[in-house]
Every structure is written in C-alpha cells, then in structure tokens.
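**Student:** What follows is the residue order along each chain.
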Amino acid sequence: MLLYAFPIPYSDPLRFYALLVEWILAFICFELGVVFIVKYRRQQFSKKYMQELGYASLFFGFSCLWFSFIVGDYFLDASTTSPFLIWPRGSPRDLAISIGYFSLVAGVLLFVFLIERHQAVLFRRFTFTIAFSGLVAIYVAVFIQDIEGTGYLNFLLVAVFAVFFLAFLVDLSKRMRTRRDVSSTLWRFLVSFSVLACGYVLTIDAMLDVTGLAGRTVGSALQLGSFIGITILFLRLPPFATLDWHKQIEDIYVIDKAGVCLFQKSFTAKQLTVDKNLASSAISTVNLILKEMTSADELGQSTIKRGDKAITVFSSELVTGVVISREENYLISYNLKNFIQTFEAIYRGVLATWNGDGSVFAPAEAMAEKIFKS
Amino acid sequence: MIAQDAPIVEIQFLAYTIPVILGVELGLYFFYQYRKSRWTKLPLNRILLSYGWFTLFMVNGAFFQVVNRLAFDAKNELFAQIGFTAIFLAPIGFMAFILIKESRKLINLKLAWVITLASFTPLVLLFLLGSKDKIFMASISITGLNAISVITYQVRMIRASMGDVRRRLVQLFTGEILALLALGFAFIVVFASNLGAPTEPFFFTGVSFLITGLLIMFYASNDFPPFYEFDWKSNLLKLFIIDPASNQFLYARDFSQEARPATTSDDAERDRLRDDLFSGAITGIESMLDTISTLSQQRLSEIDQGGSLILLEYSSEGLPPVTYALVVAKDLSSLRHFEKTIKAQFEAFFPGLLKNLDSVVKAGNPGRVFQSFDIVLNNMLG
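One line per chain: the protein sequences are A and B, in this order. Quick note: the first sequence, position 128, residue 128 per my numbering, numbers continuous. Quick note: the second sequence, position 323, residue 323 per my numbering, numbers continuous.
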C-alpha cells in the first residue's frame, strides 16, 4: 500500500527538480543507446560484433523505464479502479510503470542474448538466455493475471541479471592487455554498479514513503552519475574485434636474417599447401624489398594489407616474426613483438651457432600457444 | 519557483533541456577531440575549440533567456544579462581561437580582429545600460557582423578542404545554420509574447530546429579527423603510376624533392635507384605473396613501413591494369581521397592512350607521353 500520493503534486517544492533530474536521466540513457548504435555501425572490421547492439538495448530499456516512470508518477492518476481494462483492478499509473518494466526486461533479454550469441558466460552458451526467457514468460503470465503482481519477480530478474553481468565483466576484464588493466576495469565497473544499485533503491516506491521526493531525486542523480561512468568505461574498452585478436591469427613464422624458417605455427584447421620455407623466404624477400623501397630501418614493425588479410612483420636484431591474420590489429603487433623478443632472448645462444636442426625450436610452440591462443 | 501551476511551462522547460544537454555534450566533445588530436601539433585543429566554445556558449546563453522568460516572465535582469553575455561571447570566442597566421588564406586577419574586438561593445553597453535599452539593442548588429565573419570563415574553410573532412565540415555548417535558425524563432517567441499571442507553436518549432541542428553537428563531429587540410600536401612524398605488365613508370612525381632537394649527388642517385626499384617491387611483392596460399587473391591495398605508407589503387574495370602508388608520410583520409582523384583524373585525361597502353609502352619511354599529367596534378595541388 503506497502512502505517497501520485501523481506527485505541483505543490511539492521538489517536484520540478526531481522531474528535471529524471528527465535528464531518461534522455541520457536514450543517448547512450544511440552512442552504441553508432559505434556498432562504425565498426570497420569484416565481421561485425553485435555486443554493441546489446549495450544499446540495455540503455534503451533503462531509458524507456524512466520515461514511463516520469509519465506514471508525474502525470497519471494512481487511484485504483476495479475492473481496470483487462485486469480485475489497477490504475493508469500501474500500466505506465508496467510498460516501463517490460521495456527494461526486453532490453535486458536482448542484451543477454547478443552477448551469449558471441561467447559463453559462466556456463554453456545461451544458458542465461534460456533462464531469462523462462523468467520473462512467468513474468508475462503473472502480469496478465495481475497488473500489480510483478513486483517480486522484478527482484528475481535483477538477481539473475546481476550474476550474468558480473560473470560477463570478469570474462571481459580477463581479455585486457595487462593484469593492471584487468583489476582496474573490474573495480571501476563494480563501483559504478554499486552506485547504480544504491540509486535505484532510493527511487523505489517503498523508499519514497521513507525519504520523500528528496531521496528519489538523490537516487536519480546517483543513477545518472553511474550511467555516465559505466558508459565511459564501456567506451574505453577496446572494440570486441580487437579483444578477439587471437581468433584472427592464421599463421605465425619466425624467420632468420637469411630467410630460413626457424619456426612456424598455424592456428587454422586448413593445412599449408606450400612449403613453410618457401613461404618464409617470400615474406623475407618482401620485407627486404620494402625496406629498400622506403629506406626504412632494419628493425621495427611493418604491415601489409591485402584484401581481407593483413601481414604483420616485426624485425628484431636476429630474427623476424610474421603473423598472417584476418584483420590488422594493434594487439597482434604488440603480442608479436613480445613473442619475438622472448624468442630471441631464449634462443640467442642457439641462433649464433644454429646447425639447421629445427627441432631445437620446438619448445617455442608452447610459448606461441600461451601468447597467441590464450 | 518554476511552473508551479502551469504544466505547459513545465513541458516547455523539459523540451528545452534536450538541446541544452546536447549542446553541452557537443561542446565538451569538441574540446575532447581537440585534446585527443593535440599530438598532431596542427594549429588549425583549434577550429575544434572554436566549435566547442560556440556551441557551449550559444546553447547556455539561450537557456538563461528561456529560464528568464518561463520562470520570471522575462523580468529578471541578471538572467537576461548572463544569457546575452554568453550569446555574445559565442562568436567572439569562435574567432579568437582561429585568428592565427595559418588562417590568413581564409580571412583578412586584421579586419577580423577589428570586428571581433568591436563585438565587445554590446557587452559593455549591456552592463552599462541594461538589456532593455535601445542603444544596446542597436549595438547587437556588431555581433551580427562578427557572426558573418564566422560564417565566411567556415565557407572558405569548406572550399579549401577535401574528402572526408570537407564532408564533415559541410555537415557541421549545416547543423550550425539550423541551430542558428532557432534563434529566429526565439525572437518570434519574444514578439508574440509581447503581443499576447500564443508562443508555444513557435517555441516548439524553434526547439526542433535546434535539436536537429545539434544532432547533425554531433553526427559530423564523431571521430573528427585531425585537421590537416592546409597541411596535407606536406605529407605527400611520391607518386608512381606503373604499368605492371612491363614494370615501367607511366608517370612519376617526387613531392619530397620539390620540398627538400637532395643535398648531394649521392643522395640523388640513391633516390633515383630506389625509385627505379619501385615499379617492379609492387608487382614483385604481389607475386611473392601469391606463393603463400593462405593469403587471399585480392590486391594489395596498403603497405605501412614505419616512417612512410604506400597507398595503392588500381585501374578501373575495362581499362588495362595500371597501379597507382602514392607514398605518404601519414595516413590521412584527405590523401586517400587525393589518390582516388588522381586515378580518376589520369583515366579521364588519357582515355585513348590507356586503352592502347600496350602500343604506347612498346613505342618506348611511356613516361614522356604521360608527362603532361604534370599540368593536371599541379592544378589539383593548387
């Protein structure tokens, strides 16, 4: 039973300020949805990653929720009538608020689906999508029976989503470049979501009875701040295509200065149809021609783009590393440099007196697996 | 305080909040873009600061006027003065950021400075005489002159630019004009209000113009490329147009030599040898890469070799194969556009010769035949 009177009366001195904050919150959530749509459309990779659309649906869901709150709480009548439309009892405010929750639930469901479409989170792929869909089905059934009866189900949906989102964040953070990136990304997300949760609690009807409109205004402002924080964090994350750099790698070669292949590893199922030494000689020659053409330094990085493939070359003091991949990606360059410098440090002594026995470089396979496949 | 008993005023307020949010975000986004591109050390990137300042001050100035009208029935002098100050400072700030020597190709700097400094007159009169004074009202025309400078500068900047940057500048300009049209509706609202006529239709039309204009500006400003537009030529190094069948140059131009001639004859000889290698090298690289079966059979599009970048284009369908290789110092969208234009111009200038390329090459020294492309290229370079 609500003690607070809805719609919030014009006589309440805080009405205008609370409305303004909530309006800004709803509009900014909508804008954030648009930002992710634009980000999705501007992806320049051959394969488009749908996660950005997932984020957009989440923000659009929140935006609709808040627009519905504004309409329901500030402009619509909250007095219950019996019967109300198809329900035994209810009010226009209940209907507006329910539409808002439905939008949020739909946005969240789409988000979970689009994330799981690309990767498994915690369990097998689509586990959360199925669980969430089941809950949504129950939610709809309850809603049809009783427009006021979905309140407790909301908490269950929030709990399932929280588990999913936490697992997703942990997975996302693990793919950052350094350990420091992992912990800082995770912590920032957790702080932002804690603030969001606190803000949300302050805006629920039960709290309105306790804290009044002032508490609700503070709650909305906290949510606004946390949404902006979360968006900045999302936008700072490298594109998913970049995070998936290891899936783009096809072949790795380590070539000595004479063009002899010291080590080769293929990450695709198809077998090489040419001899690895022929391929490495070709790459070595290309590298040599390029250096001659552009009078570039002997050492350093170069990239050749050809159609939908990229060849990344890193020339070090004793050896040259080459990665053939499906996209140009700075994480590939970064990890290739890492790999070659480690390779050179380990085999420096061997390289000076190498007698042509390729098996001596076999342990580099594990190193390549660790760097390029983890 | 505000809209205690008038829902329509409350709704007008909420509607105007949207352009204010967009304007503030856009202004800050321009500043962020400037900060992001500071490493390029390009003076003309200050145009981003100009846009940021202009948007931020214009939208907030108008906001104070709206608050004054809706909440205080246009009687609060402090709000009026803050609003007018912000509106007047918008074009002043815009010009102040870009009145630098690099802009002299676009605008008469002395005249622009005089107009910009004169634009402080309405500000002084505002604080001396108040916002309702007729002399102050008349002095607003000086700000109008400054606004014309702002528009002239942008139109000339659009003419001087090319490619993606030009497209974005046109979009920014369109958005800005739409947003400024909203000011016209603001004046109509004030007049209608004085005459006791309904103001709401004009108010909401003006707000929709403002929102549309700001959205267009947002779209244009997204990932705005560094503003190299008057500097892109200095990033051109070499151009080679090659017949891959015979590995002969059809046309070659060394932009770096024009800017910095070789200091010794050894340097010149080394450069010449390197260029001779170029014609066969591109074909050679393609053949070498063909030996690696995992690579696609598509053509090379770009070679990034540390200090320089080779951008490659190939002849249009129906013409014999010709490779266009532009060696540049930086990967700029303007340069990619420039290379595409070179290809289009070359194909348009020599359609007959290109169709009979075999016989031209067999006749010997094709470079001499295509040398007249110099004229076209010089025109393109301005």
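No lab work stands behind these hints: they were computed from the structure. Here the structure is a predicted model, which means the values were calculated and not measured. Don't take every hint at face value.
No more than 35 Å apart at the CA atoms, straight line, and that leaves these computed lysine-lysine pairs for DSBU-like [as the list claims (entries may be wrong)]:
1. B:Lys355 <-> A:Lys305
2. A:Lys337 <-> A:Lys370
3. A:Lys305 <-> B:Lys343
4. A:Lys305 <-> B:Lys101
5. A:Lys247 <-> B:Lys101
6. B:Lys343 <-> A:Lys373
7. A:Lys39 <-> A:Lys370
8. A:Lys276 <-> A:Lys39
9. A:Lys247 <-> B:Lys340
10. B:Lys134 <-> B:Lys330
11. A:Lys39 <-> B:Lys362
12. B:Lys343 <-> A:Lys39
13. B:Lys362 <-> A:Lys305
14. B:Lys362 <-> A:Lys265
15. B:Lys36 <-> A:Lys39
16. B:Lys101 <-> A:Lys337
17. A:Lys39 <-> B:Lys233
18. B:Lys355 <-> B:Lys36
19. B:Lys101 <-> A:Lys373
20. B:Lys340 <-> B:Lys330
21. A:Lys370 <-> A:Lys257
22. A:Lys337 <-> A:Lys305
23. B:Lys355 <-> B:Lys233
24. A:Lys257 <-> A:Lys276
25. A:Lys39 <-> B:Lys330
26. B:Lys362 <-> A:Lys373
27. B:Lys355 <-> A:Lys247
28. B:Lys75 <-> A:Lys305
29. B:Lys134 <-> A:Lys305
30. B:Lys355 <-> A:Lys337
31. B:Lys362 <-> A:Lys337
32. B:Lys330 <-> A:Lys257
33. B:Lys36 <-> A:Lys305
34. B:Lys36 <-> A:Lys276
35. A:Lys305 <-> A:Lys265
Which chain A residues stay away from chain B? Per the calculated CB distances, all over 10 Å, these [what the hints assert, rightly or not]:
36. Tyr4
37. Phe16
38. Ile24
39. Ala96
40. Val140
The beta-carbon is built from N, C-alpha and C at its ideal position, and this holds for glycine as well.
**Student:** Now tell me, hint by hint, if it's right for this structure.
**Tutor:** Evaluation of the provided hints:
no.: 1; hint: B:Lys355 <-> A:Lys305; in the structure: holds (29 Å)
no.: 2; hint: A:Lys337 <-> A:Lys370; in the structure: holds (14 Å)
no.: 3; hint: A:Lys305 <-> B:Lys343; in the structure: holds (20 Å)
no.: 4; hint: A:Lys305 <-> B:Lys101; in the structure: violated (39 Å)
no.: 5; hint: A:Lys247 <-> B:Lys101; in the structure: violated (50 Å)
no.: 6; hint: B:Lys343 <-> A:Lys373; in the structure: violated (42 Å)
no.: 7; hint: A:Lys39 <-> A:Lys370; in the structure: holds (31 Å)
no.: 8; hint: A:Lys276 <-> A:Lys39; in the structure: violated (40 Å)
no.: 9; hint: A:Lys247 <-> B:Lys340; in the structure: holds (33 Å)
no.: 10; hint: B:Lys134 <-> B:Lys330; in the structure: violated (55 Å)
no.: 11; hint: A:Lys39 <-> B:Lys362; in the structure: violated (52 Å)
no.: 12; hint: B:Lys343 <-> A:Lys39; in the structure: holds (32 Å)
no.: 13; hint: B:Lys362 <-> A:Lys305; in the structure: holds (32 Å)
no.: 14; hint: B:Lys362 <-> A:Lys265; in the structure: violated (46 Å)
no.: 15; hint: B:Lys36 <-> A:Lys39; in the structure: holds (18 Å)
no.: 16; hint: B:Lys101 <-> A:Lys337; in the structure: violated (43 Å)
no.: 17; hint: A:Lys39 <-> B:Lys233; in the structure: holds (31 Å)
no.: 18; hint: B:Lys355 <-> B:Lys36; in the structure: violated (47 Å)
no.: 19; hint: B:Lys101 <-> A:Lys373; in the structure: violated (53 Å)
no.: 20; hint: B:Lys340 <-> B:Lys330; in the structure: holds (16 Å)
no.: 21; hint: A:Lys370 <-> A:Lys257; in the structure: holds (25 Å)
no.: 22; hint: A:Lys337 <-> A:Lys305; in the structure: holds (18 Å)
no.: 23; hint: B:Lys355 <-> B:Lys233; in the structure: holds (31 Å)
no.: 24; hint: A:Lys257 <-> A:Lys276; in the structure: holds (16 Å)
no.: 25; hint: A:Lys39 <-> B:Lys330; in the structure: holds (25 Å)
no.: 26; hint: B:Lys362 <-> A:Lys373; in the structure: violated (53 Å)
no.: 27; hint: B:Lys355 <-> A:Lys247; in the structure: violated (44 Å)
no.: 28; hint: B:Lys75 <-> A:Lys305; in the structure: violated (65 Å)
no.: 29; hint: B:Lys134 <-> A:Lys305; in the structure: violated (66 Å)
no.: 30; hint: B:Lys355 <-> A:Lys337; in the structure: violated (46 Å)
no.: 31; hint: B:Lys362 <-> A:Lys337; in the structure: violated (47 Å)
no.: 32; hint: B:Lys330 <-> A:Lys257; in the structure: holds (29 Å)
no.: 33; hint: B:Lys36 <-> A:Lys305; in the structure: holds (26 Å)
no.: 34; hint: B:Lys36 <-> A:Lys276; in the structure: violated (43 Å)
no.: 35; hint: A:Lys305 <-> A:Lys265; in the structure: holds (21 Å)
no.: 36; hint: Tyr4; in the structure: holds (19 Å)
no.: 37; hint: Phe16; in the structure: violated (5 Å)
no.: 38; hint: Ile24; in the structure: violated (6 Å)
no.: 39; hint: Ala96; in the structure: holds (16 Å)
no.: 40; hint: Val140; in the structure: holds (32 Å)
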